[in-house]
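A.B. asks: Start from the sequences and build out the full structure, keeping to the hints where you can.
These protein sequence lines are chains A and B, in that order. Residue numbers for the first sequence follow the UniProt record's numbering, so the first one is 1 and each next one is one higher. Residue numbers for the second sequence follow the UniProt record's numbering, so the first one is 1 and each next one is one higher.
Each computed PhoX-like pair below joins lysine-lysine, with the alpha-carbon atoms no more than 25 Å apart:
no.	chain 1	residue 1	chain 2	residue 2
1	A	K138	A	K105
2	B	K61	A	K87
3	A	K202	A	K186
4	A	K105	A	K72
5	B	K65	B	K189
6	A	K72	A	K87
7	B	K65	A	K72
8	B	K65	B	K30
9	B	K125	B	K30
10	A	K87	B	K65
11	A	K51	B	K65
12	A	K202	A	K222
Keep in mind the hints are simulated off the structure, nothing from the lab. These figures come from a predicted structure and were not determined experimentally.
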Amino acid sequence: MPKEQANWSPYDNNGGSCVAVAGADYCVIAADTRMSTGYNILTRDYSKICKLADKCVMASSGFQADVKALQKHLAARHLIYQHQHNKQMSCPAMAQLLSNTLYYKRFFPYYSFNVLGGLDNEGKGCVFTYDAVGSYEKVGYSCQGSGSTLIMPFLDNQLKSPSPLLLPAQDAVTPLAEAEAIDLIKTVFASASERDIYTGDKLEIVVINADGIRREYMDLRKD
Amino acid sequence: MFRNQYDTDVTTWSPAGRLFQVEYAMEAVKQGSAAIGLRSKTHVVLGCVNKANSELSSHQKKIFKVDDHIGVAIAGLTADGRVLSRYMRNECINYSFTYESPLPVGRLVVQLADKAQVCTQRSWKRPYGVGLLVAGLDESGAHLYYNCPSGNYFEYQAFAIGSRSQAAKTYLERRFESFRDASRDDLVKDALMAIRETLQGETLKSSVCTVAVVGVGEPFHILDQGTVQQMIDAFEIVAEQEGPAAEPDADAGQEASAEPEPEQGAAAGEGVAPMDI
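C.D. replies: Structure (structure tokens):
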């Protein structure tokens with residue numbers, strides 16, 4: 001007798017794409033603002049980006065209920081850290097915390113695909129990319145979500161450094177200027193919106209640099 | 001002599017109906033260095049005297065931020081105070097997480113009081129040896145509470161605890177009617193003056209005291225030494241005239257402290273039980 005399957009799933013996928021690019025002294029994190037379920041749109045104006053610390057921002061696509069729970073959990077842990085250490089968490093520290101938090105639920109995961117972006121302790125841009133259970137890596141750029149298969153090859157084409165074995169040693173962060181990186185991201189999302197039905201409506205861009213954090217918006221295709 | 005017979009356990013009553021262990025815990029509060037609090041309609045100010053054990057050591061932290069809208073100043077066993085602050089911080093974080101809104105101060109002090117009460121009714125525990133001045137802001141306005149080791153708590157317009165706090169209390173009693181509508185800066189000034197009373201002649205400078213403020217539009221934070229010193233310098237000249245006038249009052253006998261709850265006089269011998277109201 002074949003095994004009986006559940007006809008109810010605790011998860012849903014609300015779609016959307018997230019991208020982050022690290023620069024020499026800045027970091028850009030972007031995500032679209034469309035939230036969908038199945039073939040329907042729930043809202044055109046939902047932010048997938050969350051500020052975790054002064055110099056650390058996270059964008060997550062996947063199941064937004066789990067994303068929200070994860071964000072709240074990290075915010076609470078950050079408060080405790082601030083009480084104990086009298087300072088904000090650094091981006092690499094938050095990156096490790098996020099990884100541990102995700103793995104803690106290894107056997108009932110947060111359905112959340114995250115990119116973490118910010119400035120490290122020296123003010124250099126850093127991006128960390130995750131899977132749903134906490135495996136993470138520091139990279140120069142990354143994308144997650146429904147449009148990631150369309151976006152990633154293009155980012156590789158534009159930003160990928162030649163082999164790490166090559167001399168002289170190349171930095172993971174892009175040599176692009178801040179304005180050029182933002183332009184690249186706008187291009188990338190415009191392209192993804194063409195073919196990915198779950199990406200569109202509006203693009204939210206967050207830029208972190210020495211001056212602080214600022215937000216930008218751009219309209220995307222609404223179909 | 002009665003005291004010695006019934007004071008071994010916190011779970012032993014004396015024939016007069018008192019728990020001596022709890023009263024001894026309140027003595028510990030009186031031995032700690034002074035902490036004061038005062039509030040207006042929109043702000044609450046906490047201040048404390050920081051005395052290092054020796055010139056080589058740093059002073060103990062006596063004011064803790066609990067949340068953006070709540071802070072606490074302690075007197076007594078600072079270790080107990082630290083642990084209770086951690087408890088308060090956790091409660092605030094958990095409440096915020098569940099209800100997405102700040103924990104009302106009145107709720108927090110009740111939880112704190114209940115926690116203290118537990119230690120007065122377990123044979124394997126001892127009462128917390130620390131008094132807490134909880135300053136906070138919530139929807140119903142600005143609040144200042146005092147939490148006892150006995151598990152009692154009271155709301156105050158202004159209060160002082162710790163050693164030589166009577167001097168500060170006398171000053172506050174004289175001035176408390178003006179606090180309600182005072183400006184934030186005036187409130188801080190009054191706090192510094194109250195601290196000065198407890199120093200009994202010693203010069204008031206920012207290195208011996210700590211001041212913290214919470215108010216409408218102003219999250220709880222400790223004022224930095226530079227700002228405090230500036231405020232001290234600003235009123236020092238004016239205050240010098242007021243200083244000598246305050247001294248004689250400091251020796252006045254016990255009276256009720258600032259409204260609304262009357263404060264019990266220090267138990268000298270077999271007087272009214274300190275936690276009785």
